[in-house]
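Chemist: One letter stands for each residue in the lines below.
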Amino acid sequence: MDNKKNSLHIGRLITAILFLLVIMFYFIILWMNSPKIILEIKSSVKNSFIENVDQDFENGKLNDEVIEDRTIATKTSFSEKLGNIFSKTESVINDSIPGKLSLIDWNGLTQRLLLKRMIPEPNDNNTVYKMDNGQLTYTYPDIGVRIAHKNFTVLNRYLKSVGTKLLYVQAPYKVNQDNNELPYGLEDYPNKNADKLLEGLQKLNIDFIDFREVFSNNFLDYKKLFYNTDHHWTTETAFFAYQYLLDYIEKNYGFQYNKQTYNGANYNQLTLKQSFIGSLANRVGKWYAGIDDFTFIYPKFKTKLTYMKYDANGSLYLVRNGTFEESVFYPERMDNPDTPLAYRDNCYLGGNPDLGRIINHKVHKGKILFVQDSFGKPIASFMALNFHEVDIIDLRYFTESYLMDFIKDETIPYDYVVILYNPSALKRSTYYRQFRFYDYE
Amino acid sequence: MIFSSSIFLLVFLPFVLIIYYTLYSQRLAQNIFLFLVSLLFYAWGEPWFVLIMLLSILVNYAIGLNIDLHRNNQVISKILLTITVLYNLSIIFLYKYLAFTITNINTLFSLTLPVPDIVLPIGISFFTFQAISYVIDVYRGQGEVQKNPLNVGLYIALFPQLIAGPIVRYETIANQINHRKENIADFSEGCVRFIIGLSKKVLLSNNFAIVADKAFSLPNDQLSTAFAWLGAISYSFQILFDFSGYSDMAIGLGKMFGFHFDENFNYPYISASISEFWRRWHISLGSWFRDYVYFPLGGSRVDSKWKLIRNLFIVWVLTGVWHGANWTFIAWGFLYFLLITIEKLTRFERTSGLRIVRHIYTLFFVCLGWVLFRSIDLSQACTYLGSMFGIGGRYTDSLARFYFLDNLIFIIFAVICSMPLLPYMKKRFHYHDLKISYILTPIFYIVLFFVSLTYIIKGAYNPFIYFNF
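Each protein sequence line maps, in turn, to chains L and W. Residue numbering for the first sequence follows our numbering, beginning at 1 and increasing consecutively. Residue numbering for the second sequence follows our numbering, beginning at 1001 and increasing consecutively.
None of these hints come from the bench; they were simulated from the model. Backbone N, C-alpha and C define an ideal beta-carbon position, used for all residues, glycine too. Accuracy of the hints is not assured; some may be wrong.
[What the hints assert, rightly or not] Some chain W residues near chain L, calculated using beta-carbon distances under 10 Å:
| no. | residue |
| --- | --- |
| 1 | T1454 |
| 2 | I1457 |
| 3 | K1458 |
[Said to hold, decoys possible] Here are the computed lysine to any residue pairs in the SDA-like style, where the Cα-Cα straight-line distance is at most 25 Å:
| no. | chain 1 | residue 1 | chain 2 | residue 2 |
| --- | --- | --- | --- | --- |
| 4 | W | K1214 | L | T127 |
| 5 | L | K300 | L | N321 |
| 6 | W | K1214 | L | P122 |
| 7 | W | K1305 | W | A1272 |
| 8 | L | K192 | W | D1397 |
| 9 | L | K259 | L | T323 |
| 10 | W | K1426 | W | Y1438 |
| 11 | L | K46 | W | G1045 |
| 12 | L | K88 | W | I1002 |
| 13 | L | K88 | W | Y1461 |
| 14 | L | K88 | W | I1007 |
| 15 | W | K1214 | L | R428 |
| 16 | L | K46 | W | W1048 |
| 17 | W | K1426 | L | I10 |
| 18 | L | K160 | L | F255 |
| 19 | L | K362 | L | Q243 |
Whole structure, please, built from the sequences with the hints as guidance.
Modeler: So this is what it looks like as structure tokens:
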């Protein structure tokens, strides 16, 4: 290693100077931001409760056998709390690094040069894979669905007793089950998991729509249904699914609605080219992932809505009144049209509400509950144009009560309960939350 | 705190460098500062364990003083030495081996003794061995006794080598504690060495960890022969670049503060015998056992083969156990006992033979050894080894191909970096005398550092594999 010990080599000296400049630069910037960083650390430590619970799920400490005996609350020792503070400090400092996104872009470029098709993350669920068609995806392992079937049975029994229709909507997975395009050697488990779930629902006589099949039957180009850099379906795809769902509810349950809201011609469609950095691109950088176009769809016709957002404990913290664009739609996500930005998809509902309620003042009938993950954001928004009341609950975040208790607490029963998930809900880290509908005790 | 983290690189290190060099020419203040930040460095993971380390420092300091005081009385100084060695070994035993011992007693005698749930303080084996080194070197007169407990504390707790080695011998840096001389040449060399170590850890080791972890986590019926070999080879690279990377970083950091630690790795995978491998792998540990255990037992200069075998057995079982309280480590140590004993008895290194064959033989057994080392228990080790030799599973599968192709470039880099190719080329072409090296050197290392930094900031997979040590 040492060819010339104790002699000063100019190249090494310059290396040392540059090395010092880099670390000192970051140190000074972090030092200048330290008051903000300290506040974030405090806040992050406070909010660690839910993450601790998630960690249990993630680590597989909770499984089919123990979930039924488990309450959501967990206790942490003092030693764990201290460890948590150190860990949060590291995490906040890591997130406060100036130019972090640019560094991730550079990392993505390195990975691309190294011909990597798998960009690993400490949490395997977040590992990004590049498919043969160039799109990015996550993959998830095989998982049993016994708990889901059991909970569906109990939920359906109750809903039937109060005259509510239950419908499960299987949003598609980015990996096409007919031609998976995964790097050679990787298995497509999420579609298999979804198949197992639907097979059980069929046996239980619970209605479902399988959009994977719907898209396949409609000869749609599977790749174009999704963003390249995000795991979600595009707004256009979601709009198609909305139309299909509306049609389905009309034909199967006799729900009547104003046909104006169905017709795509009655909606503005604004596409911003090269403007969207999806959640997968956020992890691997735009020089690895590329950039997507994003289309905003919102009604041309007159609307009058109230959108209310509640936190995980069910406390109301936001009310937006007015037209579609002033309530459920966030037009500021259309700002900076020439700049690639993340989270443009939060134009619907302003992100995933723990609990949300949309009242349509122009429609006087219909009450529907969407139990959903992020795939449901645009669909629930469009459905609000047809129902007097659309409620949205995200079981990953809403902790105030179990779904069954929430439904029972409604004085006027729902006409419909739609559970809308994409196959990634069938992964160990979220499965037990998203399909746990009632307290077993 | 680990070196390959943003908090160390961009907060801790710059802060320590600024304050340390602000105190330039005030050695006592510098040493106090280094000691305090070393405690902070250690406390970052688990604050309570600092107390164990402080107690170890105080006990060894006090006994060291007494040994020096009774230097002329062989009996008392020997008793004191025995006490301190027993104390240090008890600390390790309590935290590292007690639960393991009770579990085995329960199994052996069908008992149900309560097994304590004791968390292992990180780096306990490293700092305890350094503590033992201190008192033995003082006893032997190979290092001056420290009148100031701060100096003992600094030697034992100095953050560059605290949690992952190398095991710095007291005699090596006894003089440097108060009389080291920082200079620009060392500082520059230290920065370069640190970047080399960081790159080994972040770019190579962490990527191979992904492959190895996947292979070792697969159920036996899903592990093909090809993937088992890929996993074993990946782990061989992971542990090489992790361990030698940490050593490089420690040596580099030491130089930044004027300390000169001995080399710990010397391209072990080019070895043509197991004995040579152990002269190149974790040199500080090997020489520690050689000087403090093997030689005192008589080493190789004994009057019978059985004594030689006994000495080798003791050293290699201890070496295995040192790495962790698990039968896998004992089996791993025993494997090396067998191989080295055979090599010694057959005078393997003196016999002629194709170097390539010897090289393959060495790497083959080293790789098998790492399977024992990496496995959770002996049962997993056996099934994994079975898969490597085609027992019970498929010969190849698509997963092996995916992981192989996805990491092909890393494998090529790893092979190149496992050999002294770059130093040879540099020497051959007198690289350091070329003017172009003034530009190429900083470009090369800063790009390496920058790319490593992007991996760290991104929050890429960054395992710490010394929890057992």
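Chemist: Any hints this thing doesn't respect? Which numbers, in order?
Modeler: As far as the earlier hints go, not one is violated by this structure.
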